[in-house]
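A.B. asks: So the sequences go chain by chain: U and L.
So for the first sequence, UniProt numbering puts the first residue at 1; every next one is plus one.
So for the second sequence, UniProt numbering puts the first residue at 1; every next one is plus one.
Hint data in this document are derived by calculation from the structure and do not stem from the laboratory.
Cβ coordinates follow ideal geometry from the N, Cα and C atoms, glycine included.
This list has only true hints and no planted wrong ones.
Result set (DSSO-like, lysine-lysine): computed pairs, CA atoms no more than 27 Å apart in a straight line: (1) U:Lys45 x L:Lys53; (2) U:Lys45 x L:Lys45; (3) L:Lys53 x U:Lys53; (4) L:Lys45 x U:Lys53.
Covered stretches of chain U, as calculated for chain L (at least 3 residues, CB under 8 Å): (5) 28 to 41; (6) 44 to 52; (7) 61 to 70.
If you anchor each label on the Cβ, the simulated ranges turn out as follows: (8) L:Leu170 x U:Glu83: 36 to 46 Å; (9) L:Glu178 x U:Glu228: 42 to 52 Å; (10) L:Glu228 x U:Glu83: 31 to 41 Å; (11) U:Asp207 x L:Asp93: 55 to 65 Å.
Number of protein chains: 2
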Amino acid sequence: MVESADATAPTADADPDYRAAVVDLLAVIAYGEITAFERLAEDAKLAPSLADKLDLAQMASIEIAKVERLHERLRAFGVDPFEAMAPFRAPIDEFHGHTAPADWYEGLVKAYVGDGLANDFYREIAAYLDADTRELVVASMEAGTHSAFVVERVRAGIAEDHRLGGRLALWGRRLMGEALTQAQRVAADRDELSALLAGGVDRPGLDLAALGRMFTRLTERHMERMTELGLEA
Amino acid sequence: MVESADATAPTADADPDYRAAVVDLLAVIAYGEITAFERLAEDAKLAPSLADKLDLAQMASIEIAKVERLHERLRAFGVDPFEAMAPFRAPIDEFHGHTAPADWYEGLVKAYVGDGLANDFYREIAAYLDADTRELVVASMEAGTHSAFVVERVRAGIAEDHRLGGRLALWGRRLMGEALTQAQRVAADRDELSALLAGGVDRPGLDLAALGRMFTRLTERHMERMTELGLEA
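Bound-form chain U, shown alone (with noise of 0.2 Å):
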């Protein structure tokens, strides 16, 4: 898949279109990074031991480190990288405003839902990106090491109190729900990331076809996530 798409995709020097989504969408994920900081620095201070926060303070800082290397690339295609996050602001706070955590194991479930989230995101972006934009984005991944860490929180969690798996399962219900609505809105925003997506004219996008499959896997690797955390999806 990747292989194939590299052969005809553009580059951003090329086509101003393409540049234009590439922008919002180096843009999008460098916001992301900064309130994913912001969050995991917050939930830091609901950890229960002095080890649990010294691993979210980690994590958070994880995230800020990939920030500069985005922005780097924004400023090389001649954009102020605050002027182009801009428009993602709104968005991505309002989702963070929706889905505050009440408690330590809430914040677990959001940071794994999340970061899972986005990662299957650029996962299926990664194949309509020129190589070095692709290249950057796939490095914005999460390397992947806290999952297990979250799991094994959040299982021990459910396993001294039953209820406690009953409200995280509606949690992430809420975190999936809120995350499509504000992606959803970004999508009518910004019509060059939509059109890189959705396949517009000499972009090999997705048709909108192959965009409903894309949601399909994208909720389908929600789920079993969810169950990987022992909630029910």
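With chain U fixed as given, assemble chain L onto it according to the hints.
C.D. replies: Same frame as chain U, but now just chain L:
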């Protein structure tokens, strides 16, 4: 100074008192970094722009990145890093509890004054350490890249609102007072660490008169930093 002390510096393997002092030193630095992360991440929320927020988030990440090496060394001594940090949690948490910044500027001054004091102290103690430990302690010092950022922001703030200068000058004195109070508490509780600084048997530390001169130097440098910020010390 560094060379002459080095010739007689004991190694952490040979001398149990020196080893206890080094364990305390690495642990207090590590816990200091963790709380510096928390403080900077919290201050990032007060940032007047997204660019300022990102700068603070990056400073926070630099602090947390240093913790792992300190913890590794503690583990190499057969010490649990979280047990080693435990005695320093109350004094450092109290320092932060008593000096919670009320706004963006107080946060900036606290970061600048706090990092400056910590670096001066590390520089003072470095001469009495074996080469391996000294290298770790020196690596924990700030790269100093964000000093210019803070000085520029604080000076611009004072230029806009002169009353700010008076308030921040008082704030700087309070920070120094709280830091000395908690440092004294640590010194009273941790005999080996104090002995390393004050010059116990077989240790190339300072005598009490030299300790007094060290505090004078720390205070002088604090006043220099306040002046750099455009504040009366």
